[in-house]
Amino acid sequence: MSNVGGNKPHLIDNRHDSWTSITAGSISSPNKSAGEGAKGSGRKRVPPTKPYIHMLMLYDLLKREAKKFMFNLYEGFSPEILTELSQFKADNSQQQLLFVLSRMLEEKNIDKADVVSRTKAMITELENPNSAITKALIYVPPLVFAA
Numbered sequence: 025m026s027n028v029g030g031n032k033p034h035l036i037d038n039r040h041d042s043w044t045s046i047t048a049g050s051i052s053s054p055n056k057s058a059g060e061g062a063k064g065s066g067r068k069r070v071p072p073t074k075p076y077i078h079m080l081m082l083y084d085l086l087k088r089e090a091k092k093f094m095f096n097l098y099e100g101f102s103p104e105i106l107t108e109l110s111q112f113k114a115d116n117s118q119q120q121l122l123f124v125l126s127r128m129l130e131e132k133n134i135d136k137a138d139v140v141s142r143t144k145a146m147i148t149e150l151e152n153p154n155s156a157i158t159k160a161l162i163y164v165p166p167l168v169f170a171a
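The numbering of the sequence shown is this note's numbering, which starts it at 25 and goes up by one.
Keep in mind that the hints were calculated from the coordinates and are not lab data.
Warning: the hint list may mix true and false statements.
Capping the alpha-carbon separation at 25 Å, the derived lysine-lysine pairs in PhoX-like fashion look like this [unchecked claim]: (1) 91 / 136; (2) 68 / 136; (3) 136 / 113; (4) 159 / 91; (5) 74 / 87; (6) 91 / 132.
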């Protein structure tokens with residue numbers, strides 16, 4: 025049987041495997057195979073990058089802190105914060121994230137010592153032009169806000 029148009033129904037498009045393996049599995053065991061059910065696949069899970077792990081840890085801590093203050097009941101930004109975010113001009117997401125995290129510390133919006141410590145560590149990394157997180161984020165465009 026000829027395969028007209030180049031369609032190969034017996035092949036599976038696995039381009040999403042690296043992202044799926046990072047988000048679906050445990051960070052502590054990056055060497056399990058990506059398709060545990062598919063025996064003999066020989067494919068190893070791609071270990072998460074250092075910037076990804078640092079961002080994930082900070083996200084988890086900030087999410088817990090927000091739940092403690094019941095911020096999960098609200099949506100959007102206050103008019104003051106939205107105006108400030110729309111006026112801040114950043115060339116990339118590294119500058120924008122540095123600004124937001126610095127403002128959180130200035131405003132004392134976080135209480136727990138471990139969250140403050142992790143946030144300060146992230147700010148230190150973002151201020152270092154040679155850090156892995158900075159090198160990763162300088163290519164990501166900043167979010168655009170409109171007041």
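The hints, checked one at a time:
Distance hint between residue 91 and residue 136 is fulfilled; the C-alpha atoms sit about 13 Å from each other, no more than 25 Å. This hinted pair does not check out: residue 68 and residue 136 have alpha carbons roughly 37 Å apart, beyond 25 Å. The hinted pair formed by residue 136 and residue 113 fails the criterion: a straight-line CA distance of about 30 Å is larger than 25 Å. As the CA atoms of residue 159 and residue 91 are separated by approximately 31 Å, the hinted pair breaks the 25 Å bound.
The suggested pairing of residue 74 with residue 87 holds, with an alpha-carbon distance near 20 Å, which does not exceed 25 Å. For the given pair, residue 91 sits about 16 Å from residue 132 by alpha-carbon distance, which is consistent with the 25 Å threshold.
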